[in-house]
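With the hints as your guide, set chain H onto chain V.
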Amino acid sequence: MTATDDVRMIEAEAAPTRYARGWHCLGLERDFADGTPHQVSAFGEKLVVFAGEDGVISVLDAYCRHMGGDLSQGTVKGNEIACPFHDWRWGGDGRCKAIPYARRVPLRARTASWPTLVQDGMLFVWNDPEGNPPPEGVTIPRIAAAEDPEFTDWHWYTVTIDGSNCREIVDNVVDMAHFFYVHFSFPTYFKNVFEGHTATQFMEGIGREDIRPRKPGTNASVGNSSVASYHGPSFMIDDLTYHYEDGMDIPAVLINCHYPIDANSFVLQYGIVVKKMPGLNDEEAAAMAQRMGDFIRIGFEQDVAIWKSKARIDNPLLCEEDGPVYQLRRWYEQFYVDAGKVTREMTDRFEFEIDTTRPNEAWRREVEANLAARDAAANDPADAGQTV
Amino acid sequence: MSVRPDNRLADVAMTPLACTACGAGVEVRKSSWDQTSIQWHQDAVDACVERRATTVGAGPNGAAFAGCAALRDSVRAAAVRGDLRVVDEEPLKANPENPEHADDHA
Numbered sequence: 001m002t003a004t005d006d007v008r009m010i011e012a013e014a015a016p017t018r019y020a021r022g023w024h025c026l027g028l029e030r031d032f033a034d035g036t037p038h039q040v041s042a043f044g045e046k047l048v049v050f051a052g053e054d055g056v057i058s059v060l061d062a063y064c065r066h067m068g069g070d071l072s073q074g075t076v077k078g079n080e081i082a083c084p085f086h087d088w089r090w091g092g093d094g095r096c097k098a099i100p101y102a103r104r105v106p107l108r109a110r111t112a113s114w115p116t117l118v119q120d121g122m123l124f125v126w127n128d129p130e131g132n133p134p135p136e137g138v139t140i141p142r143i144a145a146a147e148d149p150e151f152t153d154w155h156w157y158t159v160t161i162d163g164s165n166c167r168e169i170v171d172n173v174v175d176m177a178h179f180f181y182v183h184f185s186f187p188t189y190f191k192n193v194f195e196g197h198t199a200t201q202f203m204e205g206i207g208r209e210d211i212r213p214r215k216p217g218t219n220a221s222v223g224n225s226s227v228a229s230y231h232g233p234s235f236m237i238d239d240l241t242y243h244y245e246d247g248m249d250i251p252a253v254l255i256n257c258h259y260p261i262d263a264n265s266f267v268l269q270y271g272i273v274v275k276k277m278p279g280l281n282d283e284e285a286a287a288m289a290q291r292m293g294d295f296i297r298i299g300f301e302q303d304v305a306i307w308k309s310k311a312r313i314d315n316p317l318l319c320e321e322d323g324p325v326y327q328l329r330r331w332y333e334q335f336y337v338d339a340g341k342v343t344r345e346m347t348d349r350f351e352f353e354i355d356t357t358r359p360n361e362a363w364r365r366e367v368e369a370n371l372a373a374r375d376a377a378a379n380d381p382a383d384a385g386q387t388v
Numbered sequence: 001m002s003v004r005p006d007n008r009l010a011d012v013a014m015t016p017l018a019c020t021a022c023g024a025g026v027e028v029r030k031s032s033w034d035q036t037s038i039q040w041h042q043d044a045v046d047a048c049v050e051r052r053a054t055t056v057g058a059g060p061n062g063a064a065f066a067g068c069a070a071l072r073d074s075v076r077a078a079a080v081r082g083d084l085r086v087v088d089e090e091p092l093k094a095n096p097e098n099p100e101h102a103d104d105h106a
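Protein sequences appear in the order of chains V and H. My numbering puts the first sequence at residues 1 to 388. My numbering puts the second sequence at residues 1 to 106.
Extracted from the complex, chain V is given alone in its bound form:
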């Protein structure tokens, strides 16, 4: 073993035990609006999400303050959630509204409720360890495409990540090189801007012919332009345009969001809406959104494989062609301290534009080598007749 003096050590504090302050998307509204209670494990707690008869979706602590029954195993009755244990009825505001067998509801019969936001087909909850409501102006921007009949409906994916803190997914926003190795993209332009509670990634990319070979006679995607912003700690909107060989552009909006289950697991969700191109019926457009989503899924699955085996690292050793990991984490820190302790340093505007010259030279060589290897394999007589 090398003398320890010469070895750079990986350093990592334990993942924080508090959860980020901010809006967190729990999923699609349509998946919660069926009149039954839904259990969600988030922020180290068990929550119940339910829609009343009035259609209003509420989020409460799942444990009934009476005898600890699990409300997520209960029943929606009117606009209240009824506990399966003794039928105590809890309203969306967290107050006990009725106890069918009792003369009156005891004093202070109130449980924890989370502020919610239903917007553009998604359900959000506000988490604040200090218990304050969302400040004015801290919100999620509207996504016009989500309600636009010229776009498809959300095609949505949910995956639970065990054994990793959600900082791993947030790091992605600055990690240009991993987009080539893990997501099969080919970034040619890459810039990050952090300001206030948003962190943005401007990216231009070209297609990877070694990954998705062009089929003769089809109109291949030759690249994409993307502006992706985290609005707060966990919800990213990627305003994305796919460029095609024939000059056609296909606009899409990709969501990449997560909520923490606890310090070492989180739920990753992503979804896409795609503009319905002329000549495609709704079914064909939905199939196209699914194809795009499924390609994105391959990248996320590879992220997950990396996260499962990697070490948490607070002192990454960066080269000049890497993105601003440390400055991103400085920005991210604002969501983990009390609102009164957020410093200018965390929110001041910071820009970082990467020089893609050297990475692009290396990646072009790699793509060409992959193509050459594929051609060689195709011409190898040993492969003749092989059908699988």
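I should point out that these hints are in silico values taken from the structure, not numbers from a laboratory. There could be a bad hint or two in this list.
Example chain V residues on the side facing chain H (calculated, C-beta under 7 Å, incomplete) [said to hold, decoys possible]:
#1 P141
#2 I143
#3 V227
#4 I237
#5 L318
#6 Y326
#7 R329
#8 R330
#9 E333
#10 D348
#11 R349
#12 F350
#13 E353
#14 D355
By construction, the Cβ of each residue, glycine as well, lies at the ideal position given by its N, Cα and C atoms.
Relative to the frame of chain V, chain H by itself:
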């Protein structure tokens, strides 16, 4: 949870620079001719003419301000003058076909 310093800043730190258009003071670092980091502060954001002239663009991320062209030019000019160190020591590439650079190759 404390955030550590960027290991790259140990080699070459961020350097103060004033925009030649509005005088906004920022800190910059260039690791190559095509790489730039810019640390703004609130007074620079308030001073920036382009920033103030920018309206919110289309789309959900339209509020994101990609950057100021005048500041970019100021940073580049400082690097060309030699007032701002570029970490990568490769010389600035000039296009020999461009008559503006004819002297470079004379």
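Cut-off 7 Å, beta-carbon criterion: hint that V:R349 touches chain H
holds, 4 Å
Using the nearest Cβ pair, does V:F350 come within less than 7 Å of chain H?
Hint holds; V:F350 Cβ to chain H Cβ min 5 Å, cut 7 Å.
Evaluation of the interface hint that places V:Y326 against chain H, nearest CB under 7 Å
With a closest approach of 4 Å, the V:Y326 hint holds.
When the least beta-carbon distance from V:R330 to chain H is tested against 7 Å, hint result:
holds, 5 Å
Should the hint that V:L318 touches chain H count as held when the rule is a Cβ pair under 7 Å?
Holds, about 6 Å.
Is the shortest C-beta separation between V:V227 and chain H less than 7 Å?
holds, 5 Å
Against chain H, is V:E353 within 7 Å by beta-carbon distance?
Where the cut-off is 7 Å and the nearest Cβ of chain H is about 5 Å from V:E353, the hint holds.
Against chain H, run the beta carbon of V:D355 and see if the smallest gap drops under 7 Å.
holds, 4 Å
How about V:I143: closest beta carbon in chain H under 7 Å, or not?
Check passed: Cβ of V:I143 comes within 5 Å of chain H, closer than 7 Å.
With a cut-off of 7 Å on the beta carbons, see whether V:E333 makes it to chain H.
holds, 6 Å
Have a go at the V:R329 hint: is there a Cβ in chain H nearer than 7 Å to its own Cβ?
Hint holds; V:R329 Cβ to chain H Cβ min 5 Å, cut 7 Å.
Does V:I237 pass the interface hint, meaning its C-beta sits closer than 7 Å to a C-beta of chain H?
holds, 5 Å
Checked against the numbered hints above, the structure breaks none of them.
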